Amino acid sequence: MSLLSKTLALATSALIAAATLTSVAQADEATGQQLFPLFSYRTGPYAPSGIPQWAGYRDYFNYINEKGGVNGVKIFVQECETAYTLERAFECYERYKNGYAGAPVAVLFTTSSGFDAAISDKARLDKLPIISVAGGRGDAVDGSVFPYQFPLLFDYWTEASIVIEHIANQAGGYDKLNGLKIATLYHDSGYGRETIQPMAILSEKYGFENIQIAVPHPGEQQQAQWQQIKRAGVDWVFFRAWGVMSPVGLKTAARVGFPADRIIGDIWTGSEEDARPAGAAAKNYLAVSVFPSGTDFEITKELKKNVIDAGKGDLKDVSKFGSVYYNAGLVQAIIYTEILRTGQKKFGNRPLTKEEGQWAAEHLDITAERIAELGATGLLSPLKITPQDHEGDPAAKIVQWDGQKWNAVTDWLKGDRPLFRDAIYARAAAYAKEKGIEPRQAQN
Amino acid sequence: MSFFLETLITGLFAGLMYALVAIGFVLIYKASGVFNFAQGAMVFLAALAFVTLVEHGFPFWIAFLATAALMVVVAILVEALVLRPLRNRDSLTLFMATLGLSFVIDGTAQFFLGTDVHMLDLGIDDIAEDYAGILISHFDIVASLIVVTLVAVLAIVFSKTRMGVSLRAVADDTLAAQSIGIRLPVIWRIVWSVAGLVALVAGLLWGARQGVQFSLSLITLKALPVLIIGGFSSIPGAIAGGLIVGASEALADIYLGPLVNGSVSTWFAYILAVAFLLIRPAGLFGDRDIERV
Numbered sequence: 006m007s008l009l010s011k012t013l014a015l016a017t018s019a020l021i022a023a024a025t026l027t028s029v030a031q032a033d034e035a036t037g038q039q040l041f042p043l044f045s046y047r048t049g050p051y052a053p054s055g056i057p058q059w060a061g062y063r064d065y066f067n068y069i070n071e072k073g074g075v076n077g078v079k080i081f082v083q084e085c086e087t088a089y090t091l092e093r094a095f096e097c098y099e100r101y102k103n104g105y106a107g108a109p110v111a112v113l114f115t116t117s118s119g120f121d122a123a124i125s126d127k128a129r130l131d132k133l134p135i136i137s138v139a140g141g142r143g144d145a146v147d148g149s150v151f152p153y154q155f156p157l158l159f160d161y162w163t164e165a166s167i168v169i170e171h172i173a174n175q176a177g178g179y180d181k182l183n184g185l186k187i188a189t190l191y192h193d194s195g196y197g198r199e200t201i202q203p204m205a206i207l208s209e210k211y212g213f214e215n216i217q218i219a220v221p222h223p224g225e226q227q228q229a230q231w232q233q234i235k236r237a238g239v240d241w242v243f244f245r246a247w248g249v250m251s252p253v254g255l256k257t258a259a260r261v262g263f264p265a266d267r268i269i270g271d272i273w274t275g276s277e278e279d280a281r282p283a284g285a286a287a288k289n290y291l292a293v294s295v296f297p298s299g300t301d302f303e304i305t306k307e308l309k310k311n312v313i314d315a316g317k318g319d320l321k322d323v324s325k326f327g328s329v330y331y332n333a334g335l336v337q338a339i340i341y342t343e344i345l346r347t348g349q350k351k352f353g354n355r356p357l358t359k360e361e362g363q364w365a366a367e368h369l370d371i372t373a374e375r376i377a378e379l380g381a382t383g384l385l386s387p388l389k390i391t392p393q394d395h396e397g398d399p400a401a402k403i404v405q406w407d408g409q410k411w412n413a414v415t416d417w418l419k420g421d422r423p424l425f426r427d428a429i430y431a432r433a434a435a436y437a438k439e440k441g442i443e444p445r446q447a448q449n
Numbered sequence: 563m564s565f566f567l568e569t570l571i572t573g574l575f576a577g578l579m580y581a582l583v584a585i586g587f588v589l590i591y592k593a594s595g596v597f598n599f600a601q602g603a604m605v606f607l608a609a610l611a612f613v614t615l616v617e618h619g620f621p622f623w624i625a626f627l628a629t630a631a632l633m634v635v636v637a638i639l640v641e642a643l644v645l646r647p648l649r650n651r652d653s654l655t656l657f658m659a660t661l662g663l664s665f666v667i668d669g670t671a672q673f674f675l676g677t678d679v680h681m682l683d684l685g686i687d688d689i690a691e692d693y694a695g696i697l698i699s700h701f702d703i704v705a706s707l708i709v710v711t712l713v714a715v716l717a718i719v720f721s722k723t724r725m726g727v728s729l730r731a732v733a734d735d736t737l738a739a740q741s742i743g744i745r746l747p748v749i750w751r752i753v754w755s756v757a758g759l760v761a762l763v764a765g766l767l768w769g770a771r772q773g774v775q776f777s778l779s780l781i782t783l784k785a786l787p788v789l790i791i792g793g794f795s796s797i798p799g800a801i802a803g804g805l806i807v808g809a810s811e812a813l814a815d816i817y818l819g820p821l822v823n824g825s826v827s828t829w830f831a832y833i834l835a836v837a838f839l840l841i842r843p844a845g846l847f848g849d850r851d852i853e854r855v
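If you're matching them up, the sequences are chains A and B in order. Residue numbering for the first sequence follows the numbering used here, beginning at 6 and increasing consecutively. Residue numbering for the second sequence follows the numbering used here, beginning at 563 and increasing consecutively.
Hint data in this document are derived by calculation from the structure and do not stem from the laboratory. Quick caveat: nothing in here was measured; it's all calculated off a predicted structure. Even for Gly, the Cβ is constructed at its ideal location relative to N, Cα and C. Keep in mind that a hint or two might mislead.
Said to hold, decoys possible - Where chain A lies over chain B, by a calculated footprint (3+ residues, C-beta under 8 Å):
{"#": "1", "segment": "565-574"}
{"#": "2", "segment": "673-683"}
{"#": "3", "segment": "687-697"}
{"#": "4", "segment": "759-773"}
{"#": "5", "segment": "776-783"}
{"#": "6", "segment": "812-822"}
To be verified - Here are the computed distance ranges between Cβ atoms for each label pair:
{"#": "7", "chain 1": "A", "residue 1": "Ala-106", "chain 2": "B", "residue 2": "Arg-745", "range": "38 to 44 Å"}
{"#": "8", "chain 1": "B", "residue 1": "Phe-674", "chain 2": "A", "residue 2": "Lys-72", "range": "31 to 37 Å"}
{"#": "9", "chain 1": "B", "residue 1": "Trp-829", "chain 2": "A", "residue 2": "Arg-236", "range": "44 to 50 Å"}
{"#": "10", "chain 1": "A", "residue 1": "Asp-407", "chain 2": "B", "residue 2": "Arg-646", "range": "51 to 57 Å"}
As the list claims (entries may be wrong) - Partial list, computed: chain B residues near chain A (C-beta under 7 Å):
{"#": "11", "residue": "Ser-706"}
{"#": "12", "residue": "Ser-827"}
{"#": "13", "residue": "Thr-828"}
Please model the entire structure based on the sequences and the hints provided.
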């Protein structure tokens, strides 16, 4: 072997060894930490809704990690950009479903109702718990059919009944609903269509005329739909928009002369990013709110002092600190850390596997006292999950946009969730039958 | 009947807004045979740059002129960095280049100017008024006048000026035009600049309607059926195509949508476009390709 060949062989061996050592080091980079795959959308049409949310997540995790983590286990955030598209979300899912760099994944926050529905079957086979806070498919509350799906905190069916409850309160009682015309103007997607069935049930019970009108994605043209609403003499509009559809809808409503204080937006249609671009047209517009805005909560004060003012925050524009979407991310991050704590109580203070994450999610119990300890009183309502009920006890407030900010105009409303119980569980049973799933006998 | 008329008329107004976007495509297609997929991104960039300047306290006209200058710079860069290196390549290659360009423009605009939704107030009331029982927005009327004026100006530029004649010569026969001394890079720079200015006007009107945000880029998808129906190489075709798409999708949403329990406007325009492709492949006003066999 010539000198040149020997040198090349040695160099190649050294390179291979270095590469192997590097990959081993990378593989173990996050050992002892808990992986949180953050499926973000910082680009694309829904980026304005996403960016403040991811800041809420990251700032809270940053704060927790600075304090030593969740019982000593640090949260290892790996962000994966989906641009709110299914195909990229699937890529992200495949990348992180079994953990990353030595850190296991316990549960996955999908951050998209559409992806939640699309990944349903696969996640069941992979036994990876899927968490959708205030989103996801409504029938997944049935834990016996959907052991790996958790539409926590709030659902669109309850939202529909809360909207009707508010309208009844304004009209002077449920008996006054008879004869009213209530239109649902919805984003023509899985998310938007989710309230068709509950509104039909509510209409049948209370006697109001139920009008359903779809708006195609992304919703940049709604003239025909709002003319139809005006023409039909609609009394109230339940406005289930997302992204650009919100300001366009509010401006179009003003154009045809439909009053903003007769429009009640969905929880994803009630942020500063939804109302502000509509200008004066949004004044007095109402919305259902699960994520109150504001910076006066104890936890937000802590974040301001330790993260934002310390220059460690994720927001480029700190004026969004405490906005609806920022607080939505913060609430979701709190729920995640509480799932970890719940699991750690049973399995020990270490990173959890997905099987342990599933148990933890099914036994989550965030009481009012615990919320106070977390400094989140007023920000988060109590949440108790069981193997049978994967949602908890949903509640929401109605808020109103005054041109500058959102103000609560009601206390927490509960709606009429028991009214839907049979329909929801029948839908879950039909899904189980279609997919050949044997509903498990869930045990506490 | 008045509701039908109201739907029809507001649809026609919406169609003129679609046509405004489609005109930008036509200009570039006429001069270079390229379907510029980045036109939507240019609309977004122009509106975002304008609204950012206004929010930083610049008066309307300063912001408008500065944004117009930016669009000219973009045109020069596109010619130098994308079109010139790809000269003499087939149109599919150039189309793919504009597809990539759209991502570059979208990403660069959002990187430097942010992803927030901005409100854009042009000072034009967007409240409907009653005209003989039909509600029509003042904004729609003003926007239509702007589109008509823009088309008139473009028509004069194309027919009465030396530059316009050069553009038409390039559109008719690029090689012949070059042989008589017309410089292709200059023509491309001019035509991309004019398309950039059209994008600025479109961006302001669309931005005032829906807020300035990334979704402005997606109006490319609205322009496509307009172009198929009207023809890729005709400005009157873009107007006619826009009117047909705007009116038909508004009527379809109202009268056909309830029959299928959903919204139909997204796909209805494309179905219409496919029908036109079958009957009149070059569109209503497009140039028919005639080849010697």
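Against the structure, the hints:
Interface restraint, the segment 565-574 of chain B with chain A: holds (5 residues with C-beta to C-beta distance below 8 Å; minimum three). With 7 residues having a beta carbon nearer than 8 Å to a beta carbon of chain A, the segment 673-683 of chain B meets the requirement of three or more and the stated coverage holds. For the segment 687-697 of chain B, the proposed coverage by chain A is satisfied: 4 residues have a C-beta within less than 8 Å of a C-beta in that chain, meeting the threshold of three. Coverage of the segment 759-773 of chain B by chain A holds in this model, with 4 residues showing a Cβ closer than 8 Å to a Cβ of that chain against a need of three.
Counting residues of the segment 776-783 of chain B whose CB lies closer than 8 Å to any CB of chain A gives 4, which reaches the minimum of 3, so the coverage claim holds. Under the rule that three or more residues need a Cβ within less than 8 Å of chain A, the assignment of the segment 812-822 of chain B holds, with 5 such residues. Distance hint for Ala-106/A and Arg-745/B: a CB-CB separation of about 56 Å, inconsistent with the stated range 38 to 44 Å. At about 36 Å, the beta-carbon gap between Phe-674/B and Lys-72/A stays in the expected band of 31 to 37 Å.
Range check, Trp-829/B to Arg-236/A: Cβ separation about 24 Å, and the 44 to 50 Å hint is violated. Between Asp-407/A and Arg-646/B the Cβ separation comes to about 54 Å, which falls inside the hinted range of 51 to 57 Å. Given the 7 Å rule on beta carbons, the hint for Ser-706/B is violated: about 14 Å separates it from the nearest Cβ of chain A. At a threshold of 7 Å, the smallest CB-CB gap from Ser-827/B to chain A is about 5 Å, leaving the interface hint in force.
Annotation: interface hint on Thr-828/B holds; nearest CB of chain A at approximately 4 Å, less than 7 Å.
Hint compliance for this structure: hints 7, 9, 11 are not met, and every other hint is.
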